Amino acid sequence: MDYSSNNLFVQMGEWLSDPVNWSGPRGIPMRILEHLGYVGLTMLIAMAIAIPLGMFVGHTGRGRVLIVSGLGILRALPTLGMVFLFALLFSRGVLPSVWALVLLAVPPVLSGVYAGISSVNRTVVDAARSMGLTEWQILLRVEVPNGLQVMIGGVRAGILQVVATATVVAYAKADGLGVFLVEGTQINDNGRLFGGAVVIAVLAVAVDGLMALIQKFAIPAGLRATRPGAGSLKESGRQEAVASAQGGTT
Amino acid sequence: MTSLQQSPSGLPMIQFRRVTKTYDGGRPAVDELTMDIDRGKITVLVGPSGCGKTTSLRMINRMVEPTSGTILLDGQDVSRQKAADLRRSMGYVMQSSGLMPHRSVIDNIATVPRLNGVKKDEARRRAQELLDVVGLAPDLGRRYPGQLSGGQQQRVGVARALAADPPVLLMDEPFSAVDPVVRAELQEELLRLQRDLAKTIVFVTHDIDEATILGDKVAVFAVGGRLAQFAAPEEILRAPVDDFVAGFVGRDRGFRHLSFQEGNHITIHPVETIEEDRLADPTVSVRSPWTLLVDADGRPHGWVPQATRGSITKQAEAVPGGSLYTRGDTLRRALDAALSSPSGLGVTVDDEGRALGVVRAAEVFDLIESARLDRGRADHNTAV
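Just so you know, the sequences run in chain order A and B.
Residue 2 is where the first sequence starts when you use the working numbering, and the numbers rise one by one after that.
Residue 29 is where the second sequence starts when you use the working numbering, and the numbers rise one by one after that.
Hints listed in this document are in silico derivations from the structure and should not be mistaken for laboratory results.
Bear in mind the structure is a predicted one, so any value in this text is a computation, not a measurement.
Check each hint, because a few of them may be wrong.
Not everything, but these chain B residues come out facing chain A in the computed CB check (under 10 Å) [unchecked claim]:
#: 1; residue: L114
#: 2; residue: R115
#: 3; residue: P195
#: 4; residue: L198
#: 5; residue: E201
Don't be surprised by glycine CBs; every beta carbon is placed ideally from N, CA and C.
Sequences and hints are given; from them, build the entire structure.
Written out as structure tokens, the structure is:
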């Protein structure tokens, strides 16, 4: 592509505003859809693994040490390295990338679900059990509603990371927003490279904003409606749990 | 529930048979506990912290499993029943209300009936009635637990425990986290409820006063999970079985014991009264050393000493009175009225609060002494 200037920002602006880049199977909207598709697939798999596991550990308290140390190891893995490793070990195509992204997404979701379930006031859980709720009823009717906000915080942190990192798919197959980065580097097209990066960043912020909205509405009415002063300690405890579920993973 | 109606009422509702609980091979938290809990009565488990009273309570509904021994509920071994079903057949009230913060007060109360399959509307209607039973305004039902005061939350906790109309209520220090005024209210409410409902209540507290106020029977636990004494509260105060119990019930036990002695035979002396609206008139003189100031309805409002009659023209200038003794109340109240009164005369009132006369401390002592002599004759064959 020919740019009117050597200035990086001008090139970026021209690339982003060129209608050619906004249409067709190689245009930005299509790439966004592909990108979100991979994010969705990754999150589905990650949540299918992490939510039951997090609920089990949060509810029973069993395997807590294992989870904490296991998550530490998972977090230390470089995603791109895992893509190549999986590609070498198993297959070509997009699946190695998705599995590598799943490894990235599991730790925040798992720690969020675990933190959410275990942040629920133990006295309330004890009272529920004393009244004759079964363990399943305690989990689904008491712990999940009260821990939902923290749990969604974990999913939110996971999605944010996966949206930003799903660019790795482009190394295996010309799919997703990573394509702009790979192409931009290969053909030395800075407008494409940085324009693509901006699209990814904006998408990440937008998705995160949407999740923040969902998280806000996940607070049960009873927890929002506390008397001034009453339960403020509990509330600040919850905020800390929310913060650690999110901050601990980024 | 049918088994409850069929069973002979003579059978104790809950029986502990040599129940021991040991945590992780340490010293027993509960040691060889054998105890019968009477049907339709309040049994209080009391003792210092770490004496196993809460553990004993929680073994009844299998929140804690005994290491050895058997607990029978209405003659049935609790360990053979499904834990969740067993728990639904008993109300449970704990120290912090333990209400579910995400559910409205009504839905919290309706929890167990809903678990038992009662229809939502029916369960809610019953929950709404229970608000009234525990003395809460009907519109509180729509609120959430976080919007209630501590005392209100405890009332909701009691309503929730009563919702499925269980024959047994387990109460684990339910009133210990509220302030003394609210606690006294809640205790009175519980006694009022119990007069109507006649549940089998097992009540844990560390407060011997609470135990003697509420309990039909009191079980005093010693550290190490030993049942030190199990008797009527009056007997625990009057005749502690050993040094531990004597030490635990405390220095004031002699005085507290007066709470169990009725004051029906106490002599009420007439007292000179002066009405409020005649105070300002200096020509109205008083003859007694202490004259009782009353309002138009005859309710007492303080004392007028003879020597300073001239300077007292308004109610606010009268000498404030002591505690009031309601006719027929216990000797403890009578003695307190006399001792707290500036005149040494305990003002006695009727149920409407109108002054009837006065009681004298010395005569209360005479009654206490003669009651002691009666007991001495009955218990020890010694009339001195």
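Against the structure, the hints:
Proximity of B:L114 to chain A holds as hinted, the smallest CB-CB distance being about 8 Å (cut-off 10 Å). Because the beta carbon of B:R115 sits about 4 Å from the nearest beta carbon in chain A, less than 10 Å, this interface hint is met. The interface hint given for B:P195 is violated, since its Cβ lies 15 Å from the closest Cβ of chain A, which is over the 10 Å cut-off. Of the supplied interface hints, the one on B:L198 holds, with its beta-carbon coming within about 8 Å of a beta-carbon of chain A, less than 10 Å.
The beta carbon of B:E201 is not positioned within 10 Å of any beta carbon in chain A (closest approach about 12 Å), and the interface hint is therefore violated.
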